[in-house]
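> Can you make the complete structure from the sequences, with help from the hints?
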Amino acid sequence: MARTTEQLAGEFLTELESAIDKHAKAYSKDAQWHQFIVILSGLCGLLSLAAGAGGKAFLAGLLGGVTTMGSVLTQTLHCVKAQGWQDRMRAELDGIRVQFVYEHGSAPTPEALAGLSKQYRDLQSKMSKEWERILSSQSGGLNVRLPKLKSHGDA
0 MARTTEQLAG EFLTELESAI DKHAKAYSKD AQWHQFIVIL SGLCGLLSLA AGAGGKAFLA
60 GLLGGVTTMG SVLTQTLHCV KAQGWQDRMR AELDGIRVQF VYEHGSAPTP EALAGLSKQY
120 RDLQSKMSKE WERILSSQSG GLNVRLPKLK SHGDA
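Counting in numbering that gives the first Met the number 0, the sequence shown runs from 0 upward without gaps.
Rather than coming from a laboratory, the hints here were simulated on the basis of the structure. The structure presented is a predicted model; accordingly, all values stated were derived computationally and were not measured. Please note that the accuracy of each hint is not assured.
Said to hold, decoys possible - 27 Å max Cα-Cα, derived DSS-like pairs, lysine-lysine:
(1) 55 to 117
(2) 117 to 21
(3) 80 to 128
(4) 24 to 80
(5) 55 to 125
(6) 21 to 125
(7) 24 to 117
(8) 24 to 125
(9) 28 to 128
Stated by the list, open to error - Listed next, with one range per pair, are the computed distances between beta-carbon atoms:
(10) 24 to 108: 29 to 37 Å
(11) 9 to 120: 16 to 24 Å
(12) 48 to 120: 48 to 56 Å
(13) 118 to 57: 27 to 35 Å
Beta carbons: idealized from backbone N, C-alpha and C, even for Gly.
Right under this line is the structure:
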């Protein structure tokens with residue numbers, strides 16, 4: 000059974016709104032993780048300072064280690080970079096939704112629906128490539144160069 004343009008338009012709008020919600024929730028989750036790491040690191044830094052001032056060196060060192068791990072995590076976890084990507088994807092999708100609703104109304108022509116669908120596909124492809132670029136530009140961890148040890152044969 001062939002679907003009408005109105006049915007296809009309704010399905011398209013539903014899919015867009017679902018994708019917008021998905022990316023908004025993912026942004027929120029990524030932002031919460033990032034904020035949690037930053038706040039925990041800052042709190043541990045202050046507690047480490049207080050412990051050090053109070054003569055509790057071991058506790059100060061332990062809390063300072065948590066602060067250091069927070070710094071490493073914010074540089075290596077995907078949630079930090081993903082929040083910007085998720086927000087951008089949501090905004091781009093919302094732009095297509097706004098165009099659908101306000102430029103084409105509830106019954107766009109088949110050509111207009113095809114154009115919006117192409118924009119959606121192109122956006123998915125562009126953002127997929129952008130995510131690959133983000134992942135490939137992100138370091139895999141600490142990039143520390145240790146000095147080469149001299150072998151016993153070197154003199």
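> For a quick check of understanding: which of the numbered hints are violated here, in increasing order?
1, 5, 13
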